[in-house]
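Line order of the protein sequences matches chains A and B. Residue numbers for the first sequence follow numbering that gives the first Met the number 0, beginning at 0 and rising by one. Residue numbers for the second sequence follow numbering that gives the first Met the number 0, beginning at 0 and rising by one.
Everything labelled a hint here was simulated from the structure, so no lab data went into it. One thing to keep in mind: the hints can contain errors.
[Said to hold, decoys possible] Listed below are the simulated EDC-like cross-link pairs for lysine to aspartate or glutamate, each with C-alpha atoms no more than 16 Å apart in a straight line:
no., chain 1, residue 1, chain 2, residue 2
1, B, K77, B, E59
2, B, K77, B, D31
3, A, K136, A, D57
4, B, K77, B, E111
5, A, K27, B, D109
6, B, K77, B, E45
7, A, K27, B, E155
8, A, K136, A, D190
9, A, K27, B, E150
[Unchecked claim] Derived coverage of chain B by chain A (criterion: at least 3 residues anywhere in the stretch with Cβ under 8 Å from a Cβ of chain A; other residues may be distant):
no., segment
10, 72 to 86
11, 143 to 153
Where a beta carbon is used, it is the ideal one built from N, C-alpha and C, also for glycine.
The residues making up each chain are set out below.
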Amino acid sequence: MSAQTTEEAFEPPYLWPAYRSTVLRAPKQPLVRLPSEWFHTIPGPVYGRVPVRPEDADLTRQHAGEPLGERIILTGRVLDSDGRPVRGTLVEIWQANAAGRYVDPSDQHPAPLDPNFTGAGRCLTDAEGRYRFVTVKPGAYPWRNDHNAWRPAHVHFSLFGSQLSSRLVTQMYFPGDPLIPQDPILEAIPDPRGRERLVAAFDREVTQPEWALGYRWDIVLRGRDATPMEA
Amino acid sequence: MAGQGPTPSQTVGPFFGFAMPFPDDTRAVSGDGVRIEGQLLDGAGEPVPDGLIEVWQGEEFARCRTDPEGVFHFVVSKPPANGSHAPHLELYVFARGLLRQLATRLYFPDEEAANAADPALELAGDRRGTLVARDEGGILRFDIRLQGEGETVFFEL
Numbered sequence: 000m001s002a003q004t005t006e007e008a009f010e011p012p013y014l015w016p017a018y019r020s021t022v023l024r025a026p027k028q029p030l031v032r033l034p035s036e037w038f039h040t041i042p043g044p045v046y047g048r049v050p051v052r053p054e055d056a057d058l059t060r061q062h063a064g065e066p067l068g069e070r071i072i073l074t075g076r077v078l079d080s081d082g083r084p085v086r087g088t089l090v091e092i093w094q095a096n097a098a099g100r101y102v103d104p105s106d107q108h109p110a111p112l113d114p115n116f117t118g119a120g121r122c123l124t125d126a127e128g129r130y131r132f133v134t135v136k137p138g139a140y141p142w143r144n145d146h147n148a149w150r151p152a153h154v155h156f157s158l159f160g161s162q163l164s165s166r167l168v169t170q171m172y173f174p175g176d177p178l179i180p181q182d183p184i185l186e187a188i189p190d191p192r193g194r195e196r197l198v199a200a201f202d203r204e205v206t207q208p209e210w211a212l213g214y215r216w217d218i219v220l221r222g223r224d225a226t227p228m229e230a
Numbered sequence: 000m001a002g003q004g005p006t007p008s009q010t011v012g013p014f015f016g017f018a019m020p021f022p023d024d025t026r027a028v029s030g031d032g033v034r035i036e037g038q039l040l041d042g043a044g045e046p047v048p049d050g051l052i053e054v055w056q057g058e059e060f061a062r063c064r065t066d067p068e069g070v071f072h073f074v075v076s077k078p079p080a081n082g083s084h085a086p087h088l089e090l091y092v093f094a095r096g097l098l099r100q101l102a103t104r105l106y107f108p109d110e111e112a113a114n115a116a117d118p119a120l121e122l123a124g125d126r127r128g129t130l131v132a133r134d135e136g137g138i139l140r141f142d143i144r145l146q147g148e149g150e151t152v153f154f155e156l
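This is chain B alone, in the form it adopts within the complex (with noise of 0.2 Å):
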C-alpha cells in the first residue's frame, strides 16, 4: 500500500445525517465561546440543505450538519495570533456533490491590523473579503459560497 499514494476522497452523499452528528457537536468549547453562525450555499444561490461543516481551532473539533436553509452554527473560542498569521479557523465542507472536501478559513472582523498582514489573506488576492466573517450584535456571521458571485476562497488539501 505505501507508495501508491492516498486512498481516493468519496462524497459524504445526502445521507449521513443519522451517523455523523453525535451529541454538543457544534460546541467545541464547554465554556464561553464566540458563535458563528452561517449559510452553505450553491452555485444558484440555493441553501444547500445536506452539507457538514467541520472547523478546527487547535485541539478544538466541531461538526454541524446543515439545516433544511443551509445554515450551520458553531461554539469555538477565538485563537491568538500566530507569529505573522492573523487568528483563524480551519473550515472542511462536506456534501453531496462534492467528490473532495473543500477547505477554507474563516478570519476575525475585529483584528485588521492582523488580518492586513495575513499571508494567506494576502494569497487570497481581491477576494480576500469572503474569508472574513462579519459581526452582527456579538455573533460571526459567515456565509459560505460554493460557486458563484461572491464565492468562498477555498484552499488546496
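In isolation and in its complexed conformation, chain A is listed as follows (with noise of 0.2 Å):
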C-alpha cells in the first residue's frame, strides 16, 4: 500500500451523513488541487502569538482546589511524517469534565460543572518533540446525532507543526472504551487502523504510583519538519 493511500485511508470524508452536521456543511463541488508548492510549504508561524505558561499544561491545578476525577497523565511525541520529532510547537487541548460537562456554556448536558476544572491546556513541545498534560480522564456524553447516542470520552488536540499543511485538529480516545466502536465521528476514518491511531495506550512507565493514571500518544503530522537536526 503506498503512503498516499494509507493517507486516503486514514482521513475521514468530508460529507458522513451518519455525523448529521456535515450533511449541510460538507463542501458538494469537488476540492481543486493545487501543486502541493504553492500550498504546503508556508512556515507555521503561531509560536509566539498564542501565550504559553507552564501552569497551562496541568488542567488540576488551574483553580483554587483539585477538579474531581480520575487524575491523568498524557503525555507523547510529535513527530513529523519521516518521524522525526516536531520541536517546540503548540499543543493545545480541550475536554469535558469528569462528569462529562464542558465548562462552554452551549453545553446544556444536565451533569454537574466543576469549581476546579476549566478543561484547557497549552504546551510547547520539548527537543524530543514530547508534549506533557495532567488533567482528570473525561466522562462520555450524549449528543443528539441520532437516538440515544453518546460520545466516548476523549480529549481534543490543537497541532501546528512547522507547516501551514501540517496544521492538525484531532481527538484522542481512551483504550478499552465501549462506546467506541459506535461512535460515528471516529468511524468517518474508513481504515480501521487509521481509528486506531487515535487511542492512547494506557503506560505503566508513565503512571505515577499513588498519583495518576499515565496514557502515551503519539502524533504523526503531514509533511517534513523544517527545523535543523541540529543546531
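Could you fit the two chains together into a complex? Lean on the hints.
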C-alpha cells in the first residue's frame, strides 16, 4: 500500500451522513488541487502568538482546589512524516470534565460543572517533540446526533507543526471504551488502523504510583519538519 | 509511527469556544492592517455559529470564532504579490460537522490584473469569484459558503 493510499484511508471524508452535522456543511463541489509548492510549504508561524505559561499544561492546578475525577497524565511525541520530532510546537487541548460536561456555555448536558476544572490546556513540545499534560479523565456525554447517542470519552487536540499543511485538529480516545465502535465521528475514518491511531495506550511507565494513571499517545503531522536536526 | 501516514483528523466539535480563543486573536498585526469581515454559511444558507476561522499571511496568524450570526473578522496586513501569484491570504475553516478543516484563499478586489494572472484562481475556473473579497467602504467583505449556491472554492489539503 502506497503512502498516499494509506493517508487517504486514514482521513475521514467531508460528507459522512451518519454524523448528521456533515450533511449541510460538507462541500458538494470537488476540492481544487493545487501544486503542493503553492500551498503546502508556508511556515506555520503561530509560536509566540498564543501565550503559553508553564501552568497551562496542568489542568488540575488552574483553580483553588483540585478537580474531581480520575487524575491522568497524557504524554507523547509529535513527529513529522519522517518520524522526526517536531520541536517547540504548540499543542492545545480541551475536554469535558469527569462528569462529561464542558465549561462552554453552549453545552446544555445536565451533568455538574466542576468549579475546579476548566478543561483547556496548552504546552510546547520539548527537544524530543514530547508534550505532557496533567488532567482528569473526561466523562462520556450524550449528543443529539441520533437516538441515545453518546460520545466516547475524548480529549480534543490542536497542533500546528512547521508548515501550514501540517495543521491538525483531532481527538484522542481512551483504550477499552465501549462507545468507540459506535461513534460516527471516529467511524468516519475509513481504515480501522487509522481509527486505532486515535486511541491512546495505557502506560505503566507514565503512570505515577499513588498519584495518576498514565496514557501515551504519539501524533504524526503531515510533511517534513523544517527544523534543522542539530543547531 | 513513521511510515504509517499522518494522524487522522477529527472535528473541532461545538465546544472549543472556552479554549481556542486567546487575547487579540483576531488581530494579526499590531499596527495598521486590512479589516476583513465575513459570514460563515451552511448549505441551507444558515449562519454557522460554532465555526473557527484561521488566517495566515506569511508570518502573521489570526484566529476568530464565529459569533451567533456566523460572523467573523480579522485584521491582517496585505501581502505583496509573489511572482505570478496575486496577493492572497490562506484561510482554514473548522467547525462542528467538518471532520477535516477546509482550506481556502482570500484575494484582494483591487488587484484585478494580478488576480487575472493568478494560477490558483485559474484552477478555480468559473467559481473563482468566490475567492475575491468585496470592498465595502474600506472593509473587505468575504463570506464563506460551505455548500450549495455560491459554494466557496476549497482546496485540497
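Evaluated hints:
1. At roughly 10 Å between alpha-carbon atoms, B/K77 and B/E59 fall within 16 Å of each other, so this suggested pair holds.
2. Distance hint between B/K77 and B/D31 is fulfilled; the C-alpha atoms sit about 10 Å from each other, no more than 16 Å.
3. Restraint check: the Cα-Cα separation between A/K136 and A/D57 comes to about 13 Å, which is no more than 16 Å; the hinted pair holds.
4. Restraint check for B/K77 and B/E111: the C-alpha separation of about 15 Å stays at or below 16 Å, so the hint holds.
5. A threshold of 16 Å between alpha carbons decides the hint, and for A/K27 with B/D109 the separation of about 29 Å lies outside it, so the pair is violated.
6. As the CA atoms of B/K77 and B/E45 are separated by approximately 30 Å, the hinted pair breaks the 16 Å bound.
7. A threshold of 16 Å between alpha carbons decides the hint, and for A/K27 with B/E155 the separation of about 13 Å falls inside it, so the pair holds.
8. At roughly 27 Å between alpha-carbon atoms, A/K136 and A/D190 are farther apart than 16 Å, so this suggested pair is violated.
9. Proximity of A/K27 to B/E150 is assessed by CA-CA distance (about 8 Å); at most 16 Å being required, the pair is judged to hold.
10. Here's how the segment 72 to 86 of chain B fares: 1 of its residues keep a CB closer than 8 Å to some CB of chain A, so the rule of at least three is not met and the hint is violated.
11. Check on the segment 143 to 153 of chain B: 7 of its residues sit with their Cβ under 8 Å from a Cβ of chain A, so the three-residue criterion for coverage holds.
The earlier numbered hints that this structure contradicts are 5, 6, 8, 10.
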